[in-house]
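Chains Y and S, in that order, give the protein sequences.
So in the working numbering, the last spot in the first sequence is 109, and the numbers never skip.
So in the working numbering, the last spot in the second sequence is 703, and the numbers never skip.
Since the hints were made in silico from the structure, they are not lab data.
Fair warning: there could be bad hints in the mix.
Stated by the list, open to error - What follows is a set of in silico ranges between Cβ atoms, one per label pair, in the way DEER data are often shown:
1. Y/Ala20 with S/Val688: 16 to 22 Å
2. S/Ala660 with Y/Val76: 47 to 53 Å
3. S/Ala664 with Y/Val76: 42 to 48 Å
4. Y/His13 with S/Pro676: 37 to 43 Å
5. S/Ala660 with Y/Tyr59: 55 to 61 Å
6. S/Ala661 with Y/Val17: 51 to 57 Å
7. S/Ala660 with Y/Leu11: 53 to 59 Å
8. Y/Gln103 with S/Val688: 23 to 29 Å
9. Y/Ala20 with S/Ala661: 50 to 56 Å
10. S/Thr674 with Y/Val84: 21 to 27 Å
In this text the structure is predicted, and so the values were computed from the model without any measurement.
Don't be surprised by glycine CBs; every beta carbon is placed ideally from N, CA and C.
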Amino acid sequence: MTMLALFQPGLYHLLAVSIALLTAGVAVILTKRNAVGILMGVELILNAAGLNFVAFNRYVWANAVDGQMFTLFIIVLAAAEAAVALAIFLNFYNNFDTINVDQADELQG
Amino acid sequence: MHAMLTLAELTSDQELIRKLLFCATLLPLVSSIFTLFLGTKWLKKQTGQFAVSAMAMSFVCALFAAFKFTTGDVEPFTWAIPWIPIPGREAGYLYLGLFCDQLTVALMVMVTLISTLVHIYSIGYMEGDKRYERFFCYLSAFTFSMLGIVTANGLMQLFVFWELVGLTSYLLIGFWFEKKGPQQACKKAFVMNRVGDTGFLIGFGILFAQLGGKVLLPATDGGMFDAIAAELGGKAEIMANPPMWLTIAGIGLFFGAIGKSAQFPLHTWLPDAMEGPTPVSSIVHSATMVAAGVYLTARIFPILTPAAHLFVCIIGLITLVMAACMAVVMTDIKRVLAYSTLSQLGYMILGVGSGAYIFALFHLVTHAFFKCCLFQCSGSVINMAHHQQDMRYYGGLAKKMPLTALAYGICTLTISGIGFGSWSFLSGFYSKDGIILGSYNYAHELGGWGSLFLWGPIIVAYITPFYMARSFALTFLGKPRDQHLYDHVKEAPKTMVGPQLVLALFAIISVPWILPWEHMIEMTQQSLVANGVTWIPGLHELHEAHHGIAAPLLFGLAGLLMIGVGIWMYKDGFGKAEFLLKKVPGLKILHTWALNKFYFDHLYDIFIVKMTKCFAGICSFIDKWGVDGLVNVVGLWTKGLARFTGGFDNKVVDGLVNGAANSARAGGQALRTTQPGRIRVYVSLLFVGLIIALMFALTLVAN
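The following block holds chain Y by itself, in its conformation from the complex (with noise of 0.2 Å):
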């Protein structure tokens, strides 16, 4: 308890965990051949948002709401770009056989 009371989690130690989502968020999309995959690291980008958000609100603005309705909206948009992501991957599937993305490159200029 004491060893919690001792650490006070303070806005940086939020931010080191927003850009260690980031990062990580970053380097899936960079890595990952697998749509899916980096639909997830997508998603892991916009959480890093969020955390931002929210500890800007907590500790910046403190009588201020604004920054947890923003991380509502994020979490109804990566939720919605999370569904039309996966209907495009379908198709993607039904017509190449494939979700690699490396594959998907039609419109090639």
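Got chain Y sorted already, so can you dock chain S onto it with the hints?
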């Protein structure tokens, strides 16, 4: 719209005469058109008979009109319908119509009669020709044109028919166009006539410029020039002090007559026109073409000023004497007659010019009969002699062709003007004599060198019987000089002899005490006098003088004498004549000159044809090197300019457009490498860009 011209109402007699003359004028045209379209298909060998019957109907109409006119005591009248509107002129219209006085009627009868006889003659003469039908078409059209001139109601209308006569004569003279002679002769006739017509148009133009549209008005009762006289304040006033332009206009119009009547400077076409078929010669030389010129001179008589009269007389005199000299030496029978025609036309022109108006026109009528007859006789001879026209091969033909010889003989006597005192049984005496009297009168008025006008006609009155007797003797008398030709000759067919005899008969009965030609023409003159034409010295006394002078005795007997001389000299061929040529000094030169037609053709060739050709050469040179050169330079320059602008367009304008396109393409090529279609690349680029942006933002914040 201008007010229409109001003309006097015609009386019933006049109306009848108008209709008759209308028919008489148009029948030949109808016949011509009919034979043109149906001749070869339908009428064929009957074309001649058809044309003759149309002409005969025309003659009957004219004769009836003349009868009505003289017996009914009908006044001269005019009739016109508007033809072509002329805006802005007081006349308002060009009128088409008919002017009728005694002269018109008399000439109508003469022309239709002679034309009918020539048509009949042509049936015989043209038989077997491959364009038999066409010939009658032309001949009728020719007659129609002449009738149009005679009935013309104004100068403009007259000019239209005047040109038609020129055209149809061209077609007729060049009827045998396969041969070179007729080709050139018809061209010559046409061109010579155009030269005269230019004068006519100049004269007409002067009148038009001075008097305006009044010149275009149809003739009124007093003749074609009433309006002009009225404009100038009455005829007596004009002639007391004639304006210069009137003299020039008169001479200009007379120049048209010079062309048509083949007077001195433009006379060379008429003898060449002999190349046409003989019926054409007989009608051209008598009733139609050459008569048109004299007729015109008679019609413009009221506006001829004294100076113009002198000009007319000089032209007439020169033609008269010159042509008579040439007629003496020619050996071609038709050429003798052609120069005789020229000479007689000279008489007529001199007659009109000197004021012997009646006699000049009377001579026109009598001459028409006997000259037409002479030509038809010569045509018969030529046709029978296998187209040998040279009298040197004739001789003694009277035995073979007695009727032709008879007709030729009568006409020879007529043209010679045989008479006894003031009486004769031949018409030629009366008409020619009157002209000599007129010129005597004129010479007397002029005095001094004017006596040339007396001596010229008198000398020619001696030459005429001589050359006519010569041609008669060489053709019909003596021994045959070409036995082969003589053996083949026989009397011409009835269709040719008949007209000859009728014409010879008319040459006799045209004397004033049988047929009223002279009387009718005199009435025209009286109406001229009544209208104030009084400036010709002694005009109205002339007729009286005719009976009170001893001169006719002299000329009448002179004719007889010279015929005797002619026959004596040439009865036995050319022997005596050649003897004379050797013995009499100077005669040889004159003979050579006359034989070469006084070198007029050469003169015209050198001074007109050669000079024209030379001038044309110069013009051609200028055209080729000057005008064409300029054009070529301009062309080259334009070509150079075009090449320059073409280059500019290709290189600069197109270059700009292509450059834009090329740079766009290169830009696209460069940029497409950034769109490889791999998500990871996009994402890494996104983050690299984000990092760069962040670093940039941080630098900004730090500063």
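Whether the CB-CB distance between Y/Ala20 and S/Ala661 falls inside 50 to 56 Å: 51 Å Cβ-Cβ, so the 50 to 56 Å window holds.
Outcome of range test on Cβ distance (S/Ala661, Y/Val17; 51 to 57 Å): holds (54 Å)
Beta-carbon spacing of S/Ala660 to Y/Tyr59 - inside the hinted bounds 55 to 61 Å or not: Since the Cβ atoms of S/Ala660 and Y/Tyr59 sit about 57 Å apart, the hinted range of 55 to 61 Å holds.
23 to 29 Å as the expected CB spacing between S/Val688 and Y/Gln103, which holds or is violated: With Cβ atoms ~24 Å apart, the hint holds.
Cβ distance range 16 to 22 Å for Y/Ala20 and S/Val688, holds or violated: holds (20 Å)
Y/Leu11 and S/Ala660 - C-beta distance against the hinted 53 to 59 Å: Between S/Ala660 and Y/Leu11, where Cβ atoms are some 55 Å apart, the hint holds.
Supplied distance hint 21 to 27 Å, evaluated on CB atoms of S/Thr674 and Y/Val84: With a Cβ separation near 26 Å, S/Thr674 and Y/Val84 satisfy 21 to 27 Å, so the hint holds.
Distance restraint evaluation - S/Ala660, Y/Val76, Cβ atoms, bounds 47 to 53 Å: For Y/Val76 against S/Ala660, whose Cβ atoms are near 48 Å apart, the range 47 to 53 Å holds.
37 to 43 Å as the expected CB spacing between S/Pro676 and Y/His13, which holds or is violated: This hint holds: roughly 39 Å between Cβ atoms.
Cβ separation of S/Ala664 and Y/Val76, checked against the hinted range 42 to 48 Å: holds (43 Å)
Violated hints for the displayed structure: none, as all numbered hints are satisfied.
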